[in-house]
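**Q** Sequence:
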Amino acid sequence: MSGVGVLDKVMAILAAFPDGTTRLEPSEIAERLGISVPTAYRLMAGMAEHRLLAPGRGGYRLGAGLIRLGAKATEGVEARRVALPFMKELRDATGETVELQIRTGYTRVPIEMIVGHRTVRTMGEIGVPLPIHVGASSRVLLAWMDEEEAMALARRSSEENHPAGRPPWSPQAYRRRLRVVRRQGWEFSRGERDPETSAVSVPVFDRIGDVVAAVIVSSTATRFAEEAHRSDAIARARECGSAVSLALGFSDEVVDAAETVR
1420 MSGVGVLDKV MAILAAFPDG TTRLEPSEIA ERLGISVPTA YRLMAGMAEH
1470 RLLAPGRGGY RLGAGLIRLG AKATEGVEAR RVALPFMKEL RDATGETVEL
1520 QIRTGYTRVP IEMIVGHRTV RTMGEIGVPL PIHVGASSRV LLAWMDEEEA
1570 MALARRSSEE NHPAGRPPWS PQAYRRRLRV VRRQGWEFSR GERDPETSAV
1620 SVPVFDRIGD VVAAVIVSST ATRFAEEAHR SDAIARAREC GSAVSLALGF
1670 SDEVVDAAET VR
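Residue numbering for the sequence shown follows the working numbering, starting at 1420 and increasing by one per position.
Rather than coming from a laboratory, the hints here were simulated on the basis of the structure.
Just so you know, even glycine gets a beta-carbon here, dropped at the ideal spot from N, CA and C.
Don't take every hint at face value.
FRET-style restraints, in silico, Cβ to Cβ [unchecked claim]:
| id | residue 1 | residue 2 | range |
| --- | --- | --- | --- |
| 1 | E1544 | D1438 | 15 to 21 angstroms |
| 2 | I1545 | A1467 | 19 to 25 angstroms |
| 3 | V1534 | R1585 | 53 to 59 angstroms |
| 4 | A1434 | V1539 | 51 to 57 angstroms |
| 5 | R1442 | R1574 | 40 to 46 angstroms |
| 6 | A1431 | E1658 | 17 to 23 angstroms |
| 7 | E1497 | V1456 | 27 to 33 angstroms |
| 8 | R1609 | A1467 | 45 to 51 angstroms |
| 9 | A1467 | R1500 | 31 to 37 angstroms |
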C-alpha cells in the first residue's frame, strides 16, 4: 500500500475486476473492499470521468482509458524497435545523424541514435533530457497535443532551462509556430540550441493517432544551408516518419476521425 488513501482505493477497485468484460456495481465493490457504498459510488463515478471505468447497465466495467495508458507505457520501447531499420535507411540516404526522441513531461529524451557517415557530424547522448521549448523536435512532439497543454509544458521548460545567450522565448511566436508545424507536418530549426547545428524533425503517430515520437535528422548549419540537401532530408524524413507510423498501426482514417471530433 502506498499510504495515499484515495490512490490505494482506486487501485483496489481496478484490481477487483477479474477481466475487461465483468461489470460490478458500487455496492459489490464496497462489500469486496470493506468501504462504504457512498465512497464506492463517489470513487467509481470519478474514475469513469477519467475513462478508467465505463458505466453501463449492470454496473461498471474497466474503461478504455486503461488501454490508452497501457499503450503509452510501452510506446517508447515499441517505437524504438519499429523505427530502427527505417532510421538506418534514412541515415544511409542522407549521410546525417538520425535520432528518435520521445517526450517525458516537459523534456524530450533521445532514445535511439544512428550516427551519420560524414567526417564532421552531429552527435547527442541517448537518455539525456533536453528542453521541450527549443528545437525542431520539441515543436513536433507538442504540435498535435491540446494547444494549451502544449504551451504550459513549453512555458515551464523555458522557465527552467533556456539556453544561455539565446534570444528570449516568445510564447506568441511559439504558439504560432506549433500551428505551422501541425499544418505542414514537419519542422526545421537552425541553431536554436547550438549555433553550429540545424535539424529536421517529423512526427511518428501510433495506432490511435497520437504523436509518440519524433524522428530527427541533424546536420551542421553549413550543410543544411544548402537548399537541395535540406529539402532532400525533409522529404526523406517524412517518408521515414510515415513508414514508422504505419508500422505502429497508424492510418489516415484515424487522423480524419480525430480531426472531425476536434
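**Q** If a hint holds in the structure, say so; if it doesn't, say that too.
**A** Hints and how they fare:
Between E1544 and D1438 the C-beta distance comes to about 43 angstroms, which lies outside the given range of 15 to 21 angstroms. With their beta carbons about 40 angstroms apart, I1545 and A1467 fall outside the hinted range of 19 to 25 angstroms. In this structure the supplied range 53 to 59 angstroms is violated for V1534 paired with R1585, their Cβ-Cβ distance being about 26 angstroms. Checked against the hint of 51 to 57 angstroms, the C-beta distance between A1434 and V1539 comes to roughly 55 angstroms, which is consistent with it.
Between R1442 and R1574 the C-beta distance comes to about 42 angstroms, which sits within the given range of 40 to 46 angstroms. Evaluation of the 17 to 23 angstroms hint for A1431 and E1658 yields a failure: the beta carbon distance comes to about 48 angstroms. Judged by the Cβ atoms, the range 27 to 33 angstroms given for E1497 and V1456 is violated: they are separated by roughly 41 angstroms. The hinted window of 45 to 51 angstroms between R1609 and A1467 holds, with their beta carbons roughly 47 angstroms apart.
Between A1467 and R1500 the beta carbons are some 34 angstroms apart, a value that agrees with the proposed interval 31 to 37 angstroms.
The structure is inconsistent with the numbered hints 1, 2, 3, 6 and 7, although it conforms to all the rest.
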